[in-house]
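2 protein chains.
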Amino acid sequence: MEELRPALYLFPVGLSDVGLTEVLPQRNLDLLRGIRHFVVENLRSARRFLRAAHRDFPIDECQFTELNEHTPAGAVESMLAPLLKGQPIGVISEAGCPAVADPGADLVAAAQRRGLEVIPLVGPNSLLLGLMASGFNGQRFAFEGYLPIDEGERRKRLNEMTRRIDRERQTQIFIETPYRNNKLISELASLLPARMLLCVASDLTGPRQSVKTLPLERWRKEKYDYNKIPTIFLLYS
Amino acid sequence: MEELRPALYLFPVGLSDVGLTEVLPQRNLDLLRGIRHFVVENLRSARRFLRAAHRDFPIDECQFTELNEHTPAGAVESMLAPLLKGQPIGVISEAGCPAVADPGADLVAAAQRRGLEVIPLVGPNSLLLGLMASGFNGQRFAFEGYLPIDEGERRKRLNEMTRRIDRERQTQIFIETPYRNNKLISELASLLPARMLLCVASDLTGPRQSVKTLPLERWRKEKYDYNKIPTIFLLYS
Chain Z
1 MEELRPALYL FPVGLSDVGL TEVLPQRNLD LLRGIRHFVV ENLRSARRFL RAAHRDFPID
61 ECQFTELNEH TPAGAVESML APLLKGQPIG VISEAGCPAV ADPGADLVAA AQRRGLEVIP
121 LVGPNSLLLG LMASGFNGQR FAFEGYLPID EGERRKRLNE MTRRIDRERQ TQIFIETPYR
181 NNKLISELAS LLPARMLLCV ASDLTGPRQS VKTLPLERWR KEKYDYNKIP TIFLLYS
Chain L
1 MEELRPALYL FPVGLSDVGL TEVLPQRNLD LLRGIRHFVV ENLRSARRFL RAAHRDFPID
61 ECQFTELNEH TPAGAVESML APLLKGQPIG VISEAGCPAV ADPGADLVAA AQRRGLEVIP
121 LVGPNSLLLG LMASGFNGQR FAFEGYLPID EGERRKRLNE MTRRIDRERQ TQIFIETPYR
181 NNKLISELAS LLPARMLLCV ASDLTGPRQS VKTLPLERWR KEKYDYNKIP TIFLLYS
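Going down the list, the sequences are from chains Z and L.
Counting from 1, one number per residue, gives the positions in the first sequence under the numbering used here.
Counting from 1, one number per residue, gives the positions in the second sequence under the numbering used here.
Among the hints, erroneous ones may be present.
Because identical chains cannot be distinguished in the list, a pair is counted as satisfied if it fits within a single copy or across any two copies.
[Said to hold, decoys possible] In silico lysine to aspartate or glutamate, EDC-like type, Cα no more than 20 Å apart, as pairs:
# : residue 1 : residue 2
1 : Lys156    : Glu168
2 : Lys221    : Asp203
3 : Lys212    : Asp106
4 : Lys212    : Glu117
5 : Lys156    : Asp166
6 : Lys212    : Glu77
7 : Lys212    : Glu3
8 : Lys183    : Asp150
9 : Lys212    : Asp225
These aren't lab readings, by the way, just hints derived from the structure by calculation.
Given these sequences and hints, build the entire structure.
Written out as structure tokens, the structure reads:
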């Protein structure tokens, strides 16, 4: 077992149900072996991840703490206790990269405030994969998370995004609750300029992966069904 | 040798001089074996990458085309010829992920216009790794590339970034020519609010990796030397 530097290690997890070596470097799996303290978004999926990484992982010798949207803000700081005693901590999200669109960011911020070392590890991130395959500007881009639900706010946000594409050549990236994916595409196609390009990047790294860039006027006529499939949306012109 | 789907495969490359399995999934290396047509940012470094991936890689049987800032825009389309005949193409950048802050985006856009399949693969990306380890908002963020050089334009951009942090809670990410890294930090520390947080993420995945988040008032007193080390800068408050 490798003796690890005491640090907060951020372990990405696969986005879909494929083998770990399809989407993670071997190095990540090797590092896991040296860690016994974990902060995890979901206990069950983190244990499954560890067992997939190493069939013989000594899960019963490990300490797990859950950090997710139910965790009170005041409880985060104390999760660093093992690291303050010199023991490495692993952070494991449910999918994708810890601390990007994920509650782990609070824990990282607390570690940074205390001057503790934070080590981010390589792994799959759907918005980066979507951006790579979109053909859009990768020199300037923004990730906006979810669009506002309120109709007026939503229009305002879409107008602002259109402005930033035109004036700043900034690719706009956002997500939607998966059961509303189809509705979002028809909404974008009806509200935004016909020639604007929409890229729909779906089931990234998964068996049904598809990344398609078309002008909105083509999306209007296109047949598609992204219902309930994790999908990233990108706009550019 | 695996028979590959005809597609444009985007292969990330390491950011620093570490072993490939430290930063790339085994899957990427396996896929390379099935490809004989490559579009590369730099011929020498692409060949080095292929040899590092597989000592016996049949480089002499491969066709390489360079795509970089010297390539005329009109030459990009024809690079897709092998794929139009049903043969997979691999895209290899000099460092990081193809098509993100890199000329590969034009080739991807051309493939998308023709309805060809594009397959992005997982690998290291410095801005994503920096964001993960910064502790900043990963739900909304923007990558701005380089700041403008003209002093007036530069101030205007910094003011706009400050506004977007305050009003939109949007993390601001940017880069600098590496020999000006130190100067940029003192510039930010003197121009921006004392309590704004600056994260400096340097030599990511490399032996001198360091990711440090501090308020600008602390950076003013801090000792640092990031001269000529590839570095990502992130602002938030």
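Return the numbers of the hints above that this structure violates; sort them in rising order. Violated hints: 2 and 7; rest satisfied.
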